[in-house]
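Please model the complete structure; the sequences and the hints are all you need to start from.
Residue-level listing of the chains:
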Amino acid sequence: MTRGPVLVTARGLTRVHGEGPSQVRAVAGVDLAVRAGELVAVMGPSGSGKTSLLRLLGGLDVPTSGRVTVAGQDLSELGPDDRARVRRRTVGYVFQQLNLVPLLTAAENVALPLELDGIRPRSARAAALGALADLGVADLADRFPRDLSGGQQQLVALARALVGERRVVLADEPTGALDSTTGDEVVRLLRARVDAGAAAVVVTHDARVAAWADRTVFLRDGVVTDVAEPGDPTDLLLGTPREASW
Amino acid sequence: MSVRHGLLALLAERPAGAYQLRQEFERRTGGTWPLNMGQVSTTLDRLVRDGLVAPADADGDVPRWTLSPAGHDALRDWWAAPVARTAPARDELAIKLALAVSTPGVDVRRLVQVQRTETMRAMQALHRLRVEGAAGADADLAWSLVVDNLVFAAEAEIRWLDHVEARVARAAATRDARPPAPAPRPATAPADDETAARR
Ligand SMILES: Nc1ncnc2c1ncn2[C@@H]1O[C@H](COP(=O)(O)OP(=O)(O)OP(=O)(O)O)[C@@H](O)[C@H]1O
Ligand SMILES: [Mg+2]
Numbered sequence: 001m002t003r004g005p006v007l008v009t010a011r012g013l014t015r016v017h018g019e020g021p022s023q024v025r026a027v028a029g030v031d032l033a034v035r036a037g038e039l040v041a042v043m044g045p046s047g048s049g050k051t052s053l054l055r056l057l058g059g060l061d062v063p064t065s066g067r068v069t070v071a072g073q074d075l076s077e078l079g080p081d082d083r084a085r086v087r088r089r090t091v092g093y094v095f096q097q098l099n100l101v102p103l104l105t106a107a108e109n110v111a112l113p114l115e116l117d118g119i120r121p122r123s124a125r126a127a128a129l130g131a132l133a134d135l136g137v138a139d140l141a142d143r144f145p146r147d148l149s150g151g152q153q154q155l156v157a158l159a160r161a162l163v164g165e166r167r168v169v170l171a172d173e174p175t176g177a178l179d180s181t182t183g184d185e186v187v188r189l190l191r192a193r194v195d196a197g198a199a200a201v202v203v204t205h206d207a208r209v210a211a212w213a214d215r216t217v218f219l220r221d222g223v224v225t226d227v228a229e230p231g232d233p234t235d236l237l238l239g240t241p242r243e244a245s246w
Numbered sequence: 001m002s003v004r005h006g007l008l009a010l011l012a013e014r015p016a017g018a019y020q021l022r023q024e025f026e027r028r029t030g031g032t033w034p035l036n037m038g039q040v041s042t043t044l045d046r047l048v049r050d051g052l053v054a055p056a057d058a059d060g061d062v063p064r065w066t067l068s069p070a071g072h073d074a075l076r077d078w079w080a081a082p083v084a085r086t087a088p089a090r091d092e093l094a095i096k097l098a099l100a101v102s103t104p105g106v107d108v109r110r111l112v113q114v115q116r117t118e119t120m121r122a123m124q125a126l127h128r129l130r131v132e133g134a135a136g137a138d139a140d141l142a143w144s145l146v147v148d149n150l151v152f153a154a155e156a157e158i159r160w161l162d163h164v165e166a167r168v169a170r171a172a173a174t175r176d177a178r179p180p181a182p183a184p185r186p187a188t189a190p191a192d193d194e195t196a197a198r199r
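Residue numbers (the working numbering), protein chains in the order written: chain S, 1 to 246; chain L, 1 to 199.
Errors might be hidden in some of the hints.
[Said to hold, decoys possible] Restraint-style ranges between C-beta atoms, simulated for each label pair:
| hint | chain 1 | residue 1 | chain 2 | residue 2 | range |
| --- | --- | --- | --- | --- | --- |
| 1 | L | His-163 | S | Arg-85 | 39 to 45 Å |
| 2 | L | Asn-149 | S | Pro-121 | 47 to 53 Å |
| 3 | S | Gly-47 | L | Gly-133 | 37 to 43 Å |
| 4 | S | His-17 | L | Ala-142 | 48 to 54 Å |
| 5 | L | Ala-171 | S | Val-223 | 53 to 59 Å |
| 6 | S | Glu-19 | L | Arg-170 | 48 to 54 Å |
| 7 | S | Val-16 | L | Ala-156 | 46 to 52 Å |
| 8 | L | Ala-171 | S | Glu-19 | 27 to 33 Å |
| 9 | L | Asp-148 | S | Glu-229 | 18 to 24 Å |
[Said to hold, decoys possible] Residues on chain S that point at chain L, a partial pick, calculated with CB under 10 Å:
| hint | residue |
| --- | --- |
| 10 | Gly-37 |
| 11 | Met-43 |
| 12 | Thr-105 |
| 13 | Arg-193 |
| 14 | Gly-197 |
| 15 | Arg-208 |
| 16 | Ala-210 |
| 17 | Ala-211 |
| 18 | Trp-212 |
| 19 | Arg-215 |
Derived by calculation from the structure, the hints in this document are not laboratory data. Model, not experiment: these values are computed from the prediction. Even for Gly, the Cβ is constructed at its ideal location relative to N, Cα and C.
Have a look at this one:
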């Protein structure tokens with residue numbers, strides 16, 4: 001897999017929620033760079049700041065200090081409208097709480113970011129159906145979120161993040177509601193998107209998801225405590241596949 | 001398990017010589033369990049002694065072996081019985097952590113994190129190997145199942161480390177919440193950095 005330009009950077013990223021004695025430093029000085037072709041997993045206990053970090057990277061929240069650049073644009077230099085445009089065009093975001101619009105069907109939910117971006121409804125719908133089909137749920141296109149299982153909603157939310165040509169995918173627990181085979185399929189798809197040139201950050205509690213990543217960043221109390229990159233497998237195995245001898 | 005049962009399984013298929021058995025054993029176990037010729041001959045000697053294996057017609061100069069009826073019975077019993085979950089071999093990590101939580105001054109959280117990073121590295125490497133291996137034209141099922149086993153074991157270890165971390169954090173929080181003991185016993189007092197720092 002080829003690594004391209006850096007698509008997402010965080011520099012000294014800090015986010016403090018609340019004030020006074022109840023204030024929480026959810027993100028406390030994080031540096032990160034994710035290149036095109038790279039899949040980065042973020043792991044850490046509950047409350048360690050994973051969602052807070054991802055929201056900052058996606059321009060959904062504004063840091064207390066530090067900066068984020070996405071596809072070369074410094075989000076802190078953009079007004080709300082321009083930030084929203086970067087979000088729609090460049091960033092696909094999968095929310096931990098999914099955030100599907102209840103009054104829209106699955107296909108309409110997936111087409112929404114494209115339509116907001118001015119793409120004609122007919123092409124937006126076609127793209128949405130394609131994205132749903134990629135995730136194996138084309139048959140759910142005309143159902144409303146309340147009529148979908150938790151796992152099905154998760155797949156629709158993923159389709160919404162992957163639709164179009166978004167080069168940055170940020171996913172918060174994208175396999176949390178899926179059985180392990182479906183979860184595996186989803187990560188495989190994400191990996192394929194990354195290998196085709198996207199940059200992705202995936203928050204997960206699941207080591208099997210993180211195994212697909214090029215790097216795993218461990219967070220605790222808003223701080224990166226460690227980074228794991230794949231080791232050398234030769235020490236782990238005593239051999240490799242062989243030719244049949246009889 | 002044993003090399004013993006492995007050789008019985010191979011000899012049940014056809015008579016074979018020691019070298020051939022060694023090759024085939026390695027191949028069928030995904031190359032994850034290399035044997036040396038000494039192990040193979042010693043095992044064969046014992047199997048013959050126990051009446052499970054008997055000499056077969058030689059292949060030229062090379063002596064060959066085959067299963068006796070008793071050998072077939074022993075093999076059938078082995079396939080039929082589950083592998084006993086005996087007490088696991090001493091696991092260095094489990095012992096290291098058990099000692100760490102009871103030894104004052106050891107930063108257990110750090111130890112857990114360092115280990116988790118290492119295990120994650122291994123898991124990512126195995127995963128890659130597996131994805132690349134599976135992409136090969138004649139992916140070897142035996143090999144990939146053994147790699148899967150290592151991936152699952154690494155995953156289980158990471159989950160266990162998460163569990164250890166959470167339990168240690170909870171225990172530290174409970175200790176902090178309690179009023180100080182009237183007569184502290186230094187030898188057993190909690191003294192990881194974490195607890196000390198928050199006091
Ligand atoms: N809007 C907010 N106002 C106040 N505190 C917040 C807010 N959002 C998050 N926090 C706090 O920031 C910390 C990090 O929260 P965050 O949601 O980023 O954790 P997380 O790592 O995603 O956890 P989980 O694995 O449970 O999803 C927590 O202590 C949380 O209570
Ligand atoms: Mg979260």
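Verification of the supplied hints:
no., hint, in the structure
1, His-163(L) to Arg-85(S): 39 to 45 Å, "holds, 44 Å"
2, Asn-149(L) to Pro-121(S): 47 to 53 Å, "holds, 50 Å"
3, Gly-47(S) to Gly-133(L): 37 to 43 Å, "holds, 38 Å"
4, His-17(S) to Ala-142(L): 48 to 54 Å, "holds, 52 Å"
5, Ala-171(L) to Val-223(S): 53 to 59 Å, "violated, 22 Å"
6, Glu-19(S) to Arg-170(L): 48 to 54 Å, "violated, 28 Å"
7, Val-16(S) to Ala-156(L): 46 to 52 Å, "violated, 37 Å"
8, Ala-171(L) to Glu-19(S): 27 to 33 Å, "holds, 31 Å"
9, Asp-148(L) to Glu-229(S): 18 to 24 Å, "holds, 22 Å"
10, Gly-37, "violated, 15 Å"
11, Met-43, "holds, 8 Å"
12, Thr-105, "violated, 35 Å"
13, Arg-193, "violated, 16 Å"
14, Gly-197, "violated, 19 Å"
15, Arg-208, "holds, 6 Å"
16, Ala-210, "holds, 6 Å"
17, Ala-211, "holds, 4 Å"
18, Trp-212, "holds, 7 Å"
19, Arg-215, "holds, 9 Å"
In summary, the structure is inconsistent with hints 5, 6, 7, 10, 12, 13 and 14 from the numbered list given earlier, while agreeing with the others.
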